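Those protein sequences? They're chains C and B, same order as listed. Take the first sequence: its position 62, counting from 1, is numbered 62 in the working numbering, and each next residue is one higher. Take the second sequence: its position 61, counting from 1, is numbered 61 in the working numbering, and each next residue is one higher.
Any given hint could be a false lead.
FRET-style restraints, in silico, Cβ to Cβ [what the hints assert, rightly or not]:
(1) C:S70 <-> B:A82: 42 to 48 Å
(2) B:D56 <-> C:T5: 23 to 29 Å
(3) B:S69 <-> C:N68: 42 to 48 Å
(4) B:T95 <-> C:S80: 31 to 37 Å
(5) B:T20 <-> C:S80: 26 to 32 Å
(6) C:S54 <-> B:G16: 49 to 55 Å
(7) C:E64 <-> B:G3: 23 to 29 Å
(8) B:G51 <-> C:T113: 39 to 45 Å
(9) B:V50 <-> C:I60: 24 to 30 Å
(10) C:Q42 <-> B:N28: 38 to 44 Å
(11) B:M41 <-> C:L56: 27 to 33 Å
(12) B:P83 <-> C:T5: 28 to 34 Å
(13) B:H100 <-> C:S80: 40 to 46 Å
Derived from the structure by calculation, the hints contain no laboratory data. Bear in mind that the values here come from a model prediction, so they are computed numbers and not experimental data. C-beta: ideal position from N, C-alpha, C; glycine also.
These are the residues of each chain, in order.
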Amino acid sequence: AQSVTQLDSQVPVFEEAPVELRCNYSSSVSVYLFWYVQYPNQGLQLLLKYLSGSTLVKGINGFEAEFNKSQTSFHLRKPSVHISDTAEYFCAVTLSGGGSNYKLTFGKGTLLTVNP
Amino acid sequence: NAGVTQTPEFQVLKTGQSMTLQCAQDMNHEYMSWYRQDPGMGLRLIHYSVGAGITDQGEVPNGYNVSRSTTEDFPLRLLSAAPSQTSVYFCASRTGTGAHGYTFGSGTRLTVV
Chain C
1 AQSVTQLDSQ VPVFEEAPVE LRCNYSSSVS VYLFWYVQYP NQGLQLLLKY
51 LSGSTLVKGI NGFEAEFNKS QTSFHLRKPS VHISDTAEYF CAVTLSGGGS
101 NYKLTFGKGT LLTVNP
Chain B
1 NAGVTQTPEF QVLKTGQSMT LQCAQDMNHE YMSWYRQDPG MGLRLIHYSV
51 GAGITDQGEV PNGYNVSRST TEDFPLRLLS AAPSQTSVYF CASRTGTGAH
101 GYTFGSGTRL TVV
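Only chain C is shown next, with the shape it has when bound in the complex (with noise of 0.2 Å):
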């Protein structure tokens, strides 16, 4: 079974400085890895996938994200942070190709705090 591992329950970061959100995931089998994004009283919204190719990925509002195979990561960063950044983000796995690849397995999610 899948599982992920979100490395800082919060971040508190300030306007216009950069951060990277770590997420590490466990499978024996190949995945494909998704970051959510949460803004207070909503659900999520997706902010970027990896599925197969390019390990850097670009998702919305400015975010991207590296796949590293041999560590097992998916880390999130942005290069400048703004006050609406400010929510909880979700790294999750589910396993790519066919057969009982329904459940997406989540991170406990980190608390993204941009203050000015």
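Keeping the supplied structure of chain C fixed, place chain B upon it in accordance with the hints.
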């Protein structure tokens, strides 16, 4: 295109009461799931369905029941509410391949007193 619609948005129940959380999607997605979100726990899978008439348990199914009579609807029933079921519940759906991730509803915030 409404996506995934959940009702109600908020609900307060007394211990022992039953209720149904509604979920509907208009994207003709095969797969639908229910998750609960608790502080510091991320989202945990309660039940899922791979198509009409087919459902199965996730990692935290106790105290919940589901059915899938149509492609569009996937209601979640709380049989006898307990304070431990106080949570935010999300319904999600996706197409047959996992490549697009899930589309989530806006959630139902449930308090059991």
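Okay, the hints, checked on the actual structure:
A beta carbon spacing of about 45 Å between S70 of chain C and A82 of chain B agrees with the range 42 to 48 Å that was offered as a hint. Against the hinted window of 23 to 29 Å, the Cβ-Cβ separation of D56 of chain B and T5 of chain C comes to about 26 Å, which satisfies the hint. In this structure the supplied range 42 to 48 Å holds for S69 of chain B paired with N68 of chain C, their Cβ-Cβ distance being about 44 Å. Distance hint check for T95 of chain B and S80 of chain C: the Cβ-Cβ separation is about 34 Å, which falls inside the suggested range of 31 to 37 Å.
Take T20 of chain B and S80 of chain C: their Cβ atoms lie about 45 Å apart, and the range 26 to 32 Å is violated. The supplied range of 49 to 55 Å is met by S54 of chain C and G16 of chain B, whose beta-carbon atoms lie about 54 Å from each other. Distance hint check: the CB atoms of E64 of chain C and G3 of chain B are about 25 Å apart, consistent with the given range 23 to 29 Å. Taking 39 to 45 Å as the suggested C-beta distance range, the pair G51 of chain B and T113 of chain C conforms, at roughly 41 Å.
For V50 of chain B and I60 of chain C, the hinted distance range of 24 to 30 Å is satisfied, since their beta carbons lie about 29 Å from each other. A hinted range of 38 to 44 Å for the beta carbons of Q42 of chain C and N28 of chain B is inconsistent with their spacing of about 25 Å. Checked against the hint of 27 to 33 Å, the C-beta distance between M41 of chain B and L56 of chain C comes to roughly 30 Å, which is consistent with it. P83 of chain B and T5 of chain C have their C-beta atoms about 29 Å apart, which keeps the hinted 28 to 34 Å range intact.
Between H100 of chain B and S80 of chain C the CB atoms are about 29 Å apart, so this pair departs from the stated range of 40 to 46 Å.
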